[in-house]
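Student: If you read the protein sequences in the order shown, they are chains D and R.
Each residue of the first sequence is one higher than the one before, starting from 430 at the first, in the working numbering.
Each residue of the second sequence is one higher than the one before, starting from 986 at the first, in the working numbering.
These are computed hints drawn from the structure, not numbers from a lab.
Here a beta-carbon is modelled for each residue, glycine too, at the ideal position from N, C-alpha and C.
It is possible that part of the hints are untrue.
[To be verified] Derived DEER-like restraints, expressed as beta-carbon distance ranges:
1) Q449/D / T1121/R: 44 to 50 Å
2) D1049/R / L631/D: 55 to 61 Å
3) N1111/R / E619/D: 46 to 52 Å
4) G581/D / A1008/R: 41 to 47 Å
5) A994/R / P733/D: 27 to 33 Å
6) G581/D / A994/R: 49 to 55 Å
7) G716/D / A1008/R: 55 to 61 Å
8) E527/D / S998/R: 56 to 62 Å
9) A1107/R / K614/D: 55 to 61 Å
10) T443/D / D1049/R: 43 to 49 Å
11) A1105/R / L584/D: 36 to 42 Å
12) G522/D / A1107/R: 39 to 45 Å
[What the hints assert, rightly or not] Partial selection, computed: residues in chain R whose CB lies under 7 Å from chain D:
13) T1007
14) P1010
15) V1011
16) V1014
17) A1015
18) L1112
19) T1113
[As the list claims (entries may be wrong)] DSSO-like cross-link-like pairs, simulated, lysine-lysine; straight-line CA separation at most 30 Å:
20) K1128/R / K728/D
21) K519/D / K727/D
22) K484/D / K728/D
23) K614/D / K484/D
24) K666/D / K519/D
25) K519/D / K1128/R
26) K1077/R / K666/D
27) K484/D / K519/D
28) K1128/R / K727/D
29) K612/D / K1128/R
30) K728/D / K596/D
31) K596/D / K460/D
32) K484/D / K596/D
33) K1128/R / K731/D
34) K1128/R / K666/D
35) K460/D / K612/D
36) K519/D / K460/D
37) K519/D / K728/D
38) K728/D / K666/D
39) K460/D / K728/D
40) K596/D / K727/D
Take a look at the letters that make up each chain.
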Amino acid sequence: MSAPISTEPLDTYTLNMGPQHPSTHGVLRLKLTLRGERLVAVEPIIGYSHRAHEKMAENRSYAQFLPNTSRQDYLSGMIYNFAWVEAVEKLAGIAVPERALVARVILAEFNRISSHLLWIGAFLLDLGAATPFLYTFDDREAIVFLLESVTGSRLTYCTGRFGGLAKDLDADFPRRARAVLAKLKARWPELVDLIEDNVIFLQRTRGVGVITLEQCRTWGVTGPMLRACGVPYDIRKVEPYGAYPRFQFDIPTRPEGDVFARYMVRILEMAQSVRIIEQALEALPEGPILAAGSSGVKKRLKPPVGTQYYAVESARGAYGILIVSEGGTEPYRAKFRTPSYANLAVMQDVMPGTMVADAVAILGSTDIVLPEIDR
Amino acid sequence: MAAPAELAAVLESRGWTAEPATAHPVSGVAESRWVAPGNLVAAAEAAKEAGYFLESMTCVDRLDPHGVFELLYTFNRWDAPARVAYRVWVPKDVAVPTLSGVYGIAAWNEREAWELFGVAFAGHPNLTWLLLPEGTEFRPLLKSFTQPPPSIYDDSLTASP
């Protein structure tokens, strides 16, 4: 008996990348179809860290869900934690003291810088440059240490409370925060020398992985990836929330849409975050951090019937929370619109046609966090 | 790019909107319209033409007491607050036309709604598991779902004490 002869053309082959490849930052599998060294098709396979946060939200009270929030995106967990708190505050009509509003901005922006620093170090490591990783992790450690002194956590923060924060910033916090900012600012010229003046880095990133505006629109790309295509879309500006409207800052954009543009946008964004923190430290009002007599974690919190969509700008893009309340103590449904989800999905469209050697550079430039995609 | 009110007006003038199926309000959006499943693709094309991207899609289990799923699509664009919600009321076992031909990201959103709720999407190019393991037979986000069946990979449930 002879085996049937395949009539499939043999000019393409499949390469499996992941789910433990270091550049996938979490667990992502990419099924690459190659013709020679050129990618023909890319299929991201996700779900390895699916923990059913959306189901968990339906099975516990609004306050009990708080620790879950920062576990979606462990690199900018503060922003995700505050997003949940603010969405519920909006749904239930809870007032927040001024001091808490400004303190949230300070903590969230510090977390944004630490997320970007980690990305820069890890991305350069993906490209084979080991040294910048040591520099950015040194800087990031100063921020993590500062946030730990306020929240008690290094990564998965849970300091937001409905109506304020769990713990007040201590009297010495502004001094320590300014010292961290000074350290960051002193380090940046060195990073520029180390990275942007490096010809290998430039050749591996310039003109590579260009995303068009049409692709951004059909896939819903947001955040630094969209801003690297020249669109100044930032939720902090277009849909201002919390204390952001009272601070001056710009939205850095780059027109090229390539890997280098995404790198530059994040570098420039860190400077803007520093600018926001400096103003917020000046403007930090005295007063309570949580409404008087409130624990911030009311057990019987029952928001009125309704659906609330609430969006914030995370370090990765537009993060949206949709809460459906039927008037009970638990959400009837919670949906998390995570930015990396769309930013990874667009790769199916962007990566075909590029060289396999650029796959790591393009994928790395998206700054995806898989637990945030899988939820 | 058209403002939310203009997009809503386009939908209404072409008769693509449907009667509100429930009084449940949606906030955080500039405009919200009910769309019949049959008009969904045309309405999404109108949104895309007007410069909107598909921001999110949420499926809500309203089987008890309505016997339907509510699909809530939000669209947004890159300037001032412009979120538009389309709400679709889908009877159980009725397939919804896929939006994956209009918006690429819809393919993933719909796979999620299919695996977590069991909503079928007509014309979807690859309606298969996205987040759950391949071959999962239960629909975990249904309100009727309480506990997964024992997994063959998990011996902690069957191990003798």
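Student: Please write out, lowest number first, the hints stated earlier that are contradicted by the structure.
Tutor: 1, 7, 8, 13, 17, 18, 19, 23, 26, 29, 31, 34, 35, 36, 38 and 39
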